[in-house]
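Listed below are the residues making up each chain.
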Amino acid sequence: MADVTDLGVAALRDGVRAGTFSAREVADAFIVKVSRAKTLNAFIVETPDHAIAAAKEADAARAAGEALKPLAGVPIGMKDLFCTKGVQTTAASHILEGFKPVYESTVSQKLWDAGAGMLGKLNMDQFAMGSSNETSAFGNVISPWRRKDGGNAPLTPGGSSGGSASAIAARLVPGATGTDTGGSIRQPAAFVGISGIKPTYGRCSRWGVVAFASSLDQAGPMARDVRDCAILLENMAGFDVKDSTSLNMVVPKWEAGLSGDLRGKRIGIPEEYLVDGMPPEIAALWQQGIDWVKDAGAEVVEVSLPHTKYALPAYYIIAPAEASSNLARYDGVRYGLRDLPEHANLQEMYAATRAAGFGDEVKRRIMIGTYVLSAGFYDAYFTQASKVRTLIARDFERAWDYCDYLLTPTAPSAAFALGEKMADPLAMYLNDVFTVPSSLAGLPAMSVPGGLDKDGLPLGLQIIGKPFDEQGVLNAGLAIEERAGFVARPEAWW
Amino acid sequence: MSVDTATVKKVASLARIAITDADAERLAPELNNILGWIEQLGEVDTSDVEPMTAVIPNALRLREDVVTEGGQRDAILANAPQGEHGFFTVPKVVE
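For the record, the sequence lines run as chains A and B. Per this note's numbering, the very first residue in the first sequence carries number 1; after that it's consecutive. Per this note's numbering, the very first residue in the second sequence carries number 1; after that it's consecutive.
Quick list of in silico lysine-lysine cross-link-like pairs, DSBU-like style, CA-CA up to 35 Å:
hint : chain 1 : residue 1 : chain 2 : residue 2
1    : A       : Lys309    : B       : Lys9
2    : A       : Lys85     : B       : Lys92
3    : A       : Lys363    : B       : Lys92
4    : A       : Lys265    : A       : Lys466
5    : A       : Lys309    : A       : Lys363
6    : A       : Lys100    : A       : Lys69
7    : A       : Lys421    : A       : Lys454
8    : A       : Lys421    : B       : Lys9
9    : A       : Lys100    : B       : Lys9
10   : B       : Lys10     : A       : Lys100
11   : B       : Lys10     : A       : Lys421
12   : A       : Lys69     : A       : Lys33
13   : A       : Lys363    : B       : Lys9
14   : A       : Lys363    : B       : Lys10
15   : A       : Lys100    : B       : Lys92
16   : A       : Lys309    : B       : Lys10
Calculated directly from the structure, the hints in this document are not laboratory data.
Using the sequences plus the hints, can you model the full thing?
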C-alpha cells in the first residue's frame with residue numbers, strides 16, 4: 001500500500017470512507033512520522049492519544065454503517081495559539097508554560113466535532129509575533145527545505161505559523177490550523193510550498209485563540225492544496241456568539257463550489273506592489289501567475305492601491321498597540337508564570353513576571369504599543385494609523401470597481417536562513433509587505449505555491465478577494481494550482 | 001521624536017516589564033529605529049478621514065444580562081500560580 005502520509009485531507013477522508021485504509025492506520029502512520037521528526041522542532045506537544053481516539057471513533061462509525069463526519073479519519077496539527085482543553089497551550093511563550101486550558105477554542109472544537117483528530121500542538125513565533133519562527137521560547141522551527149547549494153544552512157519555515165508550515169511540508173500532518181494577523185498563514189505557506197487561506201475577518205471565531213491584535217487576528221487553514229484548504233475552512237468557520245466580531249453568516253460549501261474556470265473574472269495587478277529591489281525571480285513568478293490566470297480565462301487589469309507603502313508602518317502601530325493591551329492579562333496571578341522576588345510587592349511581581357516570561361520581540365512590541373498609546377502620543381500615532389487604515393481599506397474598495405481579485409507575490413523573497421534577519425527587527429518586518437495591507441482591510445487572501453527559485457526553494461502567489469468572497473479566492477488559487485503543477489517536495493533528511 | 005533611556009524606562013514601567021539599565025541602553029536605539037520608520041505616516045493627509053473602528057461592518061450584538069457560565073470557581077483557579085481558599089493570592093497590598 002502507498003504511504004498514507006503522502007495523501008492530503010481530501011484523499012484521506014475519501015480513503016477512510018471507501019475503506020481503502022482505516023482511520024487507525026492513518027493516525028498511526030502520521031504519529032510515527034511526527035515522532036521521527038524532532039529535528040524540525042515543529043511540535044511543542046505531541047498528542048497521539050487524541051489522534052487515536054478520533055480514529056477509533058471514525059472506524060467504529062464506519063463499522064456500524066453510520067454516516068462519517070466531514071473530517072473523519074483526518075488527523076491534523078493545531079497551532080499552539082488555540083486553547084485545547086487539558087492540553088498545554090503556550091503561544092510558544094515561557095509565560096504560559098504549563099498552562100492547560102479548562103476549555104476548548106471554538107475553532108478547534110468545530111474541527112473535533114467534524115471528526116478530526118489532533119497530532120499535536122504546533123510551534124510558532126511567540127504570541128504570533130514574528131515572521132521566521134525564531135521568537136518561540138521552545139526553539140526555532142526548521143524548514144524541511146534546503147537550498148540546492150549543498151550548504152545545508154537551516155532555513156526558516158516562515159512565521160508566525162512556522163510549525164504548521166514545516167509539519168505540512170514534511171508530511172508530518174496533512175493539514176493544520178494557522179492564524180494570520182499580518183501574514184502569518186500566507187508567508188509561511190509560501191516559504192514551504194503549501195497553500196493557506198486567511199478568510200474574511202470574522203469568519204472564524206477568535207474565542208479561545210490567544211489574542212495578539214484583536215482587530216486583525218484571524219484563523220485559517222494550511223494544507224497541501226486548495227481543495228484541502230476549502231475542506232478545513234468549512235469546518236473551522238461559522239458564527240459564534242462568544243466572539244463579538246464573529247460574522248453571522250452561513251458558511252458556504254466552499255469545496256463543492258470549487259472551479260478553476262476564471263472566464264468572466266477580472267484580476268487586478270496592483271502597481272504599488274512592484275516594490276524597489278524586488279528580486280527578478282519574484283517578478284518573473286508574478287508574470288507567470290498573470291499568464292496562468294489569463295489562461296484560465298480571466299481578464300487582467302492594472303489597478304492602483306496608492307496607500308500601500310503606509311500599510312506596514314500603520315500595522316506596526318496598530319498591532320503593537322492592541323498587543324500591549326491584550327497582553328496586559330499576563331500578570332502572574334490568574335495563569336501562567338509567576339516570578340515573585342523576595343520582599344517584592346504586587347507591582348514588582350507583575351514587572352518581574354513579565355520580564356521573565358516574555359521574549360525579546362514580545363517585549364519590544366508591548367513597549368512600542370505602550371509608547372504609541374501613551375498620553376501625548378495617542379493622536380499622532382494610534383489615531384493617525386487608524387485613519388491611514390481607513391485609507392488603505394478605501395484603496396481596496398475602489399479597486400473592486402475594476403476587478404474581482406488581486407494577484408500579487410506572497411512574500412518579497414524565498415525562505416531565508418535562520419539567524420539572517422534576527423539582528424534587524426525592521427528588515428524582518430518588511431517580509432510582510434505584501435500580506436499586511438489585506439490584513440488591515442480584513443479581506444480574504446490566500447497563498448498558493450507557484451514554483452521554485454534558482455536555489456530550489458518554493459515561491460508563493462497571493463490572491464486577495466472582496467469581503468466574504470473566499471470562494472472566489474479559492475477558485476483563483478485553484479486556477480493557479482492547476483497550471484503551476486507544483487509537485488516539488490523536500491527530501492526527507494531529518 | 002527621539003526616545004532616550006529615561007523614556008524607555010518610563011514606558012517599561014507603564015508596561016509593567018522590569019528592565020535593567022543595560023536593557024534600556026540597548027532598547028533605546030532599537031525603538032528609535034522602529035519609531036523613526038513609522039513616523040512616515042505623518043506625511044499622509046488624513047484631515048477628512050475617520051479612524052477605522054471596525055474592519056468589517058458588523059453591528060455589536062446585545063444579549064440578556066444574565067449569568068451564562070457561572071459556578072466554575074475551581075476551573076477558573078485551576079491554572080493559578082497560587083490560590084488559597086478559593087481565591088487568587090497576591091503579595092500583600094494593604095498594611
